[in-house]
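If you read the protein sequences in the order shown, they are chains A and B. With our numbering applied, the first sequence covers 26 to 254. With our numbering applied, the second sequence covers 66 to 291.
It is possible that some hints are incorrect.
The calculated DSBU-like cross-link candidates involving lysine-lysine, where the alpha carbons are at most 35 Å apart (straight line), are [to be verified]:
| id | chain 1 | residue 1 | chain 2 | residue 2 |
| --- | --- | --- | --- | --- |
| 1 | A | K220 | B | K152 |
| 2 | B | K80 | B | K152 |
| 3 | B | K80 | B | K246 |
| 4 | B | K246 | B | K152 |
| 5 | B | K80 | A | K122 |
| 6 | A | K220 | A | K39 |
| 7 | A | K122 | A | K220 |
| 8 | B | K152 | A | K39 |
| 9 | B | K152 | A | K122 |
Just a sample of chain B residues kept apart from chain A, beta carbon distances all over 10 Å, derived [as the list claims (entries may be wrong)]:
| id | residue |
| --- | --- |
| 10 | A78 |
| 11 | D94 |
| 12 | R136 |
| 13 | H140 |
| 14 | S215 |
| 15 | N218 |
| 16 | T244 |
Bear in mind the hints are in silico, worked out from the structure with no lab data behind them. Think of the CB as a built atom: it goes at the ideal place given N, C-alpha and C, for glycine as much as any other residue.
Chain residues, written in single-letter form:
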Amino acid sequence: MNAATNTATPPVTKVIDLETALDGIEDGMTLLVGGFGPSGSPLALLGEVARRGVRGLTIVSNNAGGVDNGIGLLIARGRVERMVCSYPAGREPAAIKDPANRERVQLDLVPQGVLAERVRAGGAGLGGVLIRTGLDLPYMSGYEVVETGGERFLLAPAIRGDFALISAQTADPDGNLVYAPGAANFNPLMAMASKVTVAEVGTVTERSAFEPQFIHTPSIFTDRVVITA
Amino acid sequence: MSQTTHALPEIAAAKPWTLREVIGNLHRDIPAGSYVNVGIGLPSLLIDVTGEVGGNFTLHTENGILGIAGRPAPHEVTPNTPVDAGKDMLRLGPAAATFDSATSFAMLRGGRMDLAVMGAYQVSFEGDLANWSHPSSPIPAIGGAADIASGVNEIWIAMRLFDEHGRPKVMRECTLPLTAKRCVTRVYTEYGTIEIQPGGRLVVRDVCDGLTAGELEQLLAAEPDA
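Assemble the whole structure, with the sequences as input and the hints as a guide.
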């Protein structure tokens with residue numbers, strides 16, 4: 026570090042417009058998307074992905090979205106090649122349930138807690154985690170069995186993404202994030218595991234408005250912030 | 066929820082509990098001080114019941130919430146109102162905490178959660194659980210059930226006793242894809258509460274009016290091999 030040229034404290038802000046927030050996104054990329062159903066889901070950013078027309082995407086998210094917004098919109102428009110999720114859809118209508126969409130989307134079903142740990146491992150610079158979920162059951166047959174300490178585990182490889190699209194309640198200009206109660210879910214994990222993390226937030230506070238010990242996602246994980254409220 | 070009645074002659078005189086009463090039975094049996102994960106479907110009624118009558122235990126949902134108090138009144142709903150695993154809205158209690166999905170599943174796999182309540186398509190006499198893939202579902206969806214069923218020691222199932230063909234869903238061997246093996250310890254149904262003991266031994270601990278424990282045991286034992 027060169028002290029002579031690194032003494033100023035520039036008024037950094039990571040807040041940018043929605044139209045430029047996804048610059049650099051390309052066909053065939055892997056997007057890590059936060060949210061649990063509609064809770065904490067980055068719907069504005071996903072709408073922007075749709076507007077940009079990128080295709081051949083791999084989406085990693087707990088759910089596969091609804092019909093005409095979010096991940097569901099990308100699936101309906103044929104932009105998604107592979108969907109990695111634990112629970113594509115429940116009782117609500119969803120594009121992924123449409124047989125025509127099922128045909129063209131490769132569905133990779135990963136149990137929710139396995140998905141969380143695989144993404145966390147990706148963000149933490151690990152190769153994967155050893156986990157017992159689904160040991161000896163067909164839905165985990167694609168995972169290698171590892172024995173250590175006299176116990177058998179499955180090796181669940183780490184997941185990383187090109188972009189993480191996440192949603193938070195509040196950001197500061199530096200990109201520190203706080204989630205609404207119960208709306209963190211996968212967002213902090215996705216934020217750690219990508220090359221570029223873009224957060225859509227309801228409000229941006231003054232600099233230093235957060236008490237440091239109550240920040241959920243530290244600024245180092247956030248590259249760009251978009252205000253959507 | 067409506068009363069369910071069944072055509073089988075063995076249980077013609079039975080007056081089955083409503084699904085709400087089933088959850089009431091389960092609520093009554095939760096040990097004081099327990100931490101309890103609540104799944105989607107019928108089990109989520111435990112959140113409603115607890116909201117109305119209270120409970121000396123702490124409710125958890127997989128999406129990252131501990132300390133659920135019940136459902137919000139219409140005037141309490143805001144855009145930030147949290148939801149449960151089935152995406153229905155929640156009211157948080159005074160000691161609630163919220164956190165990310167990895168922390169949430171650490172609670173479930175790490176041995177801290179005393180009990181998990183989930184729904185099922187089938188449960189075997191040995192306690193095998195099938196609750197993620199059914200011919201009638203438009204798309205397979207395993208969700209959090211796999212980690213929970215293999216990670217929490219005490220798994221209670223709340224479900225209707227009979228499937229759409231009138232066959233008991235507590236059966237010698239599950240025919241649907243398993244979620245986890247030998248994990249279910251108790252099954253709450255509208256005809257009775259069934260304990261699954263090691264070695265595949267079923268013990269009826271509670272029955273509805275018009276039915277005896279012996280009759281329910283006979284009915285389940287009569288189920289032919291799959």
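So, going through the hints one by one against the coordinates:
Taken as a hint, the A:K220 and B:K152 pair is honoured in the structure, with Cα atoms around 30 Å apart against an allowance of 35 Å. Restraint check for B:K80 and B:K152: satisfied, since their Cα atoms lie roughly 32 Å apart, inside the 35 Å limit. Of the supplied pair hints, the one linking B:K80 and B:K246 holds, its CA atoms being roughly 32 Å apart against a limit of 35 Å. Restraint check for B:K246 and B:K152: satisfied, since their Cα atoms lie roughly 27 Å apart, inside the 35 Å limit.
Restraint check for B:K80 and A:K122: not satisfied, since their Cα atoms lie roughly 38 Å apart, outside the 35 Å limit. A C-alpha spacing of about 15 Å is found between A:K220 and A:K39, which places the hinted pair at or below 35 Å, so the restraint holds. Only pairs whose Cα atoms come within 35 Å are accepted, and A:K122 paired with A:K220 is accepted, the gap being roughly 31 Å. Between B:K152 and A:K39 the alpha-carbon distance is near 32 Å, which keeps this suggested pair within the 35 Å criterion.
With a C-alpha separation of about 18 Å, the suggested pairing of B:K152 with A:K122 holds against the 35 Å cut-off. Non-interface call for B:A78 relative to chain A: holds, since the shortest CB-CB distance, roughly 34 Å, exceeds 10 Å. No Cβ of chain A approaches the Cβ of B:D94 within 10 Å, the least distance being about 26 Å, so the stated non-interface status holds. Annotated as non-interface, B:R136 keeps its C-beta farther than 10 Å from every C-beta of chain A; the closest such distance is 14 Å.
The Cβ of B:H140 lies farther than 10 Å from every Cβ of chain A, with a closest approach of about 18 Å, so its non-interface assignment holds. Distance check for B:S215 against chain A: the nearest CB is about 5 Å away, which does not clear 10 Å, and the non-interface claim fails. A cut-off of 10 Å between C-beta atoms confirms that B:N218 is not in contact with chain A; the least separation is 13 Å. Chain A draws B:T244 into its interface by the beta-carbon criterion, the shortest separation being 8 Å against a cut-off of 10 Å.
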